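Enquirer: Protein chains in written order, with my numbering: chain A, 67 to 341; chain B, 3 to 338.
Simulated from the structure, these hints should not be mistaken for laboratory data. The structure displayed is predicted, hence computed values, not measured ones. Mixed in with the good hints there might be a few duds.
Claimed, not checked - Short derived list, chain A residues pointing at chain B, Cβ under 10 angstroms: (1) Leu-107; (2) Leu-108; (3) Leu-142; (4) Gly-148; (5) Met-158; (6) Ala-163; (7) Val-167; (8) Ile-174.
Unchecked claim - Capping the alpha-carbon separation at 27 angstroms, the derived lysine-lysine pairs in DSS-like fashion look like this: (9) Lys-106(A) x Lys-305(A); (10) Lys-200(A) x Lys-304(A); (11) Lys-256(B) x Lys-304(A); (12) Lys-8(B) x Lys-232(A); (13) Lys-8(B) x Lys-304(A); (14) Lys-305(A) x Lys-8(B); (15) Lys-305(A) x Lys-197(B); (16) Lys-200(A) x Lys-145(A); (17) Lys-305(A) x Lys-200(A); (18) Lys-256(B) x Lys-197(B); (19) Lys-147(A) x Lys-8(B); (20) Lys-106(A) x Lys-304(A); (21) Lys-284(B) x Lys-304(A); (22) Lys-232(A) x Lys-147(A); (23) Lys-193(B) x Lys-256(B); (24) Lys-145(A) x Lys-284(B); (25) Lys-197(B) x Lys-232(A).
From the three backbone atoms N, C-alpha and C, an ideal C-beta is built for every residue, glycine too.
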Amino acid sequence: MIVLAMAIFPLIYSLSISFMHYRLIPPMPPRFNGLDNYAKLLSQPRFWSVIYTTSVIVVISVTIQYVIGFAVATALHAKIKGSSVFRVILLMPMLIAPVAVALIARMILNPVIGPLDQFLTMFGFPDLPFLADKNWAMGSIIAVEVWQWTPFVILLMLAGLQTLPKDVYEAATLENASRWRQFWDITFPMLLPISVAIVFIRIIESFKIMDTVFVMTGGGPGIATETLTLFAYQEGFKKFNLGYTAALSFLFLIFIIVIGVIFLAIVKPYVEKRS
Amino acid sequence: MNWGRKFATLGLFFWAFLTLFPLYWVVITAFKSPPAVNGGPTYIPWVDFQPTLQAWRDIASGLRGNFVGTVTHSTLIGVTASLLATLFGSMAAYALVRFPFKVKLGSGLIFFAIAMGGYQLLLNYYGMSRSNSMLTAFSAALVVAVIVNNFRLPGPILGNEDIVFWFVSQRMFPPVVVAFALFLMYSELGKSGFKMIDTFWGMVFVYVAFSLPIVVWLMRDFFAALPVEVEEAALVDNVPSWRIFTDIVLPMSKPGLAATFMITLAFVWNEFLFALFLTNSKWQTLPILVAGQNSQRGDEWWAVSAAVMFAIIPMIVMAAILGRLMRSGLTLGAIK
Chain A
67 MIVLAMAIFP
77 LIYSLSISFM
87 HYRLIPPMPP
97 RFNGLDNYAK
107 LLSQPRFWSV
117 IYTTSVIVVI
127 SVTIQYVIGF
137 AVATALHAKI
147 KGSSVFRVIL
157 LMPMLIAPVA
167 VALIARMILN
177 PVIGPLDQFL
187 TMFGFPDLPF
197 LADKNWAMGS
207 IIAVEVWQWT
217 PFVILLMLAG
227 LQTLPKDVYE
237 AATLENASRW
247 RQFWDITFPM
257 LLPISVAIVF
267 IRIIESFKIM
277 DTVFVMTGGG
287 PGIATETLTL
297 FAYQEGFKKF
307 NLGYTAALSF
317 LFLIFIIVIG
327 VIFLAIVKPY
337 VEKRS
Chain B
3 MNWGRKFATL
13 GLFFWAFLTL
23 FPLYWVVITA
33 FKSPPAVNGG
43 PTYIPWVDFQ
53 PTLQAWRDIA
63 SGLRGNFVGT
73 VTHSTLIGVT
83 ASLLATLFGS
93 MAAYALVRFP
103 FKVKLGSGLI
113 FFAIAMGGYQ
123 LLLNYYGMSR
133 SNSMLTAFSA
143 ALVVAVIVNN
153 FRLPGPILGN
163 EDIVFWFVSQ
173 RMFPPVVVAF
183 ALFLMYSELG
193 KSGFKMIDTF
203 WGMVFVYVAF
213 SLPIVVWLMR
223 DFFAALPVEV
233 EEAALVDNVP
243 SWRIFTDIVL
253 PMSKPGLAAT
263 FMITLAFVWN
273 EFLFALFLTN
283 SKWQTLPILV
293 AGQNSQRGDE
303 WWAVSAAVMF
313 AIIPMIVMAA
323 ILGRLMRSGL
333 TLGAIK
């Protein structure tokens with residue numbers, strides 16, 4: 067109960083701050099200003115840019131993670147020699163600190179010392195601006211997200227695949243259904259509920275992305291890759307604008323809930339139709 | 003071997019290569035000398051560069067920040083927080099599996115109202131300090147809510163499923179919402195004598211609170227899978243329920259406990275946001291130190307790599323152990 071309470075209290079506290087004008091530097095007594103913080107945020111273009119950036123990163127990276135993750139899980143499930151070794155290897159990125167992953171990425175993408183640049187130069191693409199250009203930087207961040215979190219999808223999809231009943235496949239093989247047909251008519255629909263859960267978790271988690279961006283680009287160039295959490299950090303810890311930050315984090319919360327509800331609403335008819 | 007299988011193997015090799023190459027790159031960079039790094043990419047030790055221990059010597063001599071201290075902190079905080087979280091979380095999970103709870107929505111709302119309203123009231127009208135009013139309002143709300151729960155109340159009754167859902171939905175909150183408020187709360191507590199920011203217990207507390215949802219979620223499935231008969235037999239023999247928990251249930255779910263402990267440890271070990279907000283120098287954890295490496299003294303990639311390896315190696319070992327556990331069907335229960 068105490069722990070439960072412990073988790074609620076900060077929420078109540080920051081909710082109350084979000085309706086106040088409250089700064090630490092310069093120190094001013096907090097005063098109530100109603101919805102001003104929210105109104106100010108919503109009218110700020112930077113806020114919308116941050117929302118847009120975060121959403122782009124989330125949508126693209128989660129889609130790729132799901133596709134690759136499902137494919138790899140299916141491959142692993144096919145009882146290939148040495149699959150237990152593969153399993154350990156493929157799990158690794160998930161357990162590495164995102165900070166460390168981002169630093170490794172910066173090394174690999176470095177134009178002078180990085181291997182990727184040398185590799186691409188061989189194919190005639192010298193000096194690509196991986197972290198310096200807006201679009202490339204987004205691409206790099208998405209790639210790193212995919213690298214790190216596809217294992218999560220693999221892990222859970224594999225667990226899902228192992229729960230499928232074998233006799234359905236035997237029946238399908240008897241009727242000469244091709245592997246491809248079996249996948250789309252049996253595997254995919256049966257794994258749909260789990261897939262929805264996994265994608266849902268990934269969406270929620272991805273929206274919190276901060277460490278990777280913090281280390282890789284610091285939100286730059288400009289604010290092109292700034293994400294919601296990073297924006298909150300900048301406002302709160304660089305400018306010490308507390309009421310504003312609290313309001314921002316609640317808008318963030320509302321936004322995530324809205325996204326979650328929309329996602330579940332879109333997906334629901336499909337899941338129900340299958341079952 | 004048919005074509006599909008060959009294709010699958012090929013794909014696996016490709017993805018494994020993509021996974022391993024960056025890791026390989028860190029390892030070799032950590033053993034390169036500064037000129038070897040800056041001279042352009044080199045790939046194989048002893049063939050195109052001579053490995054040195056320079057970066058490791060720098061770290062050991064404290065040139066790159068207090069590594070020994072930080073690793074110790076990370077380990078202490080990580081292990082303590084994971085142990086406590088696993089302990090409390092599995093107690094909660096066990097209670098949720100075996101005993102039906104009925105929390106009335108009404109009493110929950112009353113709890114909320116008293117906690118929030120009482121806090122504002124004490125703070126603004128009675129001039130109490132923030133931490134005092136917080137504690138008073140909170141304990142009052144708790145007592146009232148527990149008492150009220152025994153009365154008949156209008157409104158729906160929440161069962162175990164709802165409580166679990168509530169627990170798990172905690173994971174959905176963006177941590178900034180809480181991290182920031184926690185920072186303010188901790189600094190208030192600091193003013194009234196309990197130093198929380200940048201202390202051991204301050205960090206352990208946060209991490210326990212934030213690992214609990216995962217622990218409850220995972221352990222609930224393990225406990226639900228245990229045979230009830232053993233416990234029923236013990237109940238007939240009048241064994242008190244806490245002894246059933248410590249002497250029968252916990253030993254039976256050892257693999258689950260181990261896995262949960264490790265997952266929690268990985269979460270705490272890698273956590274960045276809370277550490278960034280709530281520590282500054284004394285109890286800094288490893289991710290913060292590692293993240294600081296690239297800005298402090300320019301891009302000294304050989305040293306950065308060595309630092310990164312510090313953060314990675316324990317997790318790789320855990321990946322190996324988890325992979326083992328996974329084979330015994332560990333994750334099956336968690337998603338049903």
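Enquirer: Are the hints correct? Go through all of them and say.
Expert: Taking the hints in turn, this is what the structure says about them:
Against a cut-off of 10 angstroms between C-beta atoms, the interface hint on Leu-107(A) is violated, since the closest Cβ of chain B lies about 14 angstroms away. Annotation: Leu-108(A) was flagged as interfacial toward chain B, and the flag is violated, the nearest CB pair being 17 angstroms apart, outside 10 angstroms. For the restraint placing Leu-142(A) at the interface with chain B, the shortest Cβ-Cβ distance is roughly 7 angstroms, inside the 10 angstroms limit, so the hint holds. Interface restraint check for Gly-148(A): the shortest CB-CB distance to chain B comes to about 9 angstroms, inside 10 angstroms, so the restraint holds.
Among the interface hints, the one on Met-158(A) holds; its C-beta lies about 5 angstroms from the nearest C-beta in chain B, closer than the 10 angstroms criterion. Interface restraint check for Ala-163(A): the shortest CB-CB distance to chain B comes to about 4 angstroms, inside 10 angstroms, so the restraint holds. Given hint, Val-167(A) at the interface with chain B, holds; its Cβ is 8 angstroms from that chain's nearest Cβ, closer than 10 angstroms. With a cut of 10 angstroms, the hint placing Ile-174(A) at the interface with chain B holds, because the nearest CB-to-CB distance is about 6 angstroms.
Proximity of Lys-106(A) to Lys-305(A) is assessed by CA-CA distance (about 16 angstroms); at most 27 angstroms being required, the pair is judged to hold. At most 27 angstroms may separate the alpha-carbon atoms for a hinted pair to count; Lys-200(A) and Lys-304(A) meet this at roughly 23 angstroms. Restraint check for Lys-256(B) and Lys-304(A): not satisfied, since their Cα atoms lie roughly 46 angstroms apart, outside the 27 angstroms limit. Of the supplied pair hints, the one linking Lys-8(B) and Lys-232(A) holds, its CA atoms being roughly 22 angstroms apart against a limit of 27 angstroms.
Restraint check: the Cα-Cα separation between Lys-8(B) and Lys-304(A) comes to about 54 angstroms, which exceeds 27 angstroms; the hinted pair is violated. Between Lys-305(A) and Lys-8(B), the direct Cα distance comes to roughly 57 angstroms. Violation of the 27 angstroms bound is thereby established for this hinted pair. Restraint check: the Cα-Cα separation between Lys-305(A) and Lys-197(B) comes to about 24 angstroms, which is no more than 27 angstroms; the hinted pair holds. Restraint check for Lys-200(A) and Lys-145(A): the C-alpha separation of about 42 angstroms exceeds 27 angstroms, so the hint is violated.
Among the hinted pairs, Lys-305(A) with Lys-200(A) is consistent with the structure: their alpha-carbon atoms are about 25 angstroms apart, no more than 27 angstroms. Between Lys-256(B) and Lys-197(B) the alpha-carbon distance is near 36 angstroms, which puts this suggested pair outside the 27 angstroms criterion. Between Lys-147(A) and Lys-8(B), the direct Cα distance comes to roughly 11 angstroms. Compliance with the 27 angstroms bound is thereby established for this hinted pair. A distance of roughly 18 angstroms separates the Cα atoms of Lys-106(A) and Lys-304(A); the hinted pair therefore holds under the 27 angstroms criterion.
Between the alpha carbons of Lys-284(B) and Lys-304(A) the distance comes to roughly 21 angstroms, so the proposed pair stays at or under 27 angstroms and holds. In summary, the hint linking Lys-232(A) to Lys-147(A) is supported, as the alpha carbons are separated by about 20 angstroms, within the 27 angstroms threshold. Proximity of Lys-193(B) to Lys-256(B) is assessed by CA-CA distance (about 42 angstroms); at most 27 angstroms being required, the pair is judged violated. For the hint pairing Lys-145(A) with Lys-284(B), the CA-to-CA distance comes to about 50 angstroms; that exceeds 27 angstroms, so the pair is violated.
Distance hint between Lys-197(B) and Lys-232(A) is unfulfilled; the C-alpha atoms sit about 59 angstroms from each other, more than 27 angstroms.
Checked against the numbered hints above, the structure breaks hints 1, 2, 11, 13, 14, 16, 18, 23, 24, 25 and satisfies the rest.
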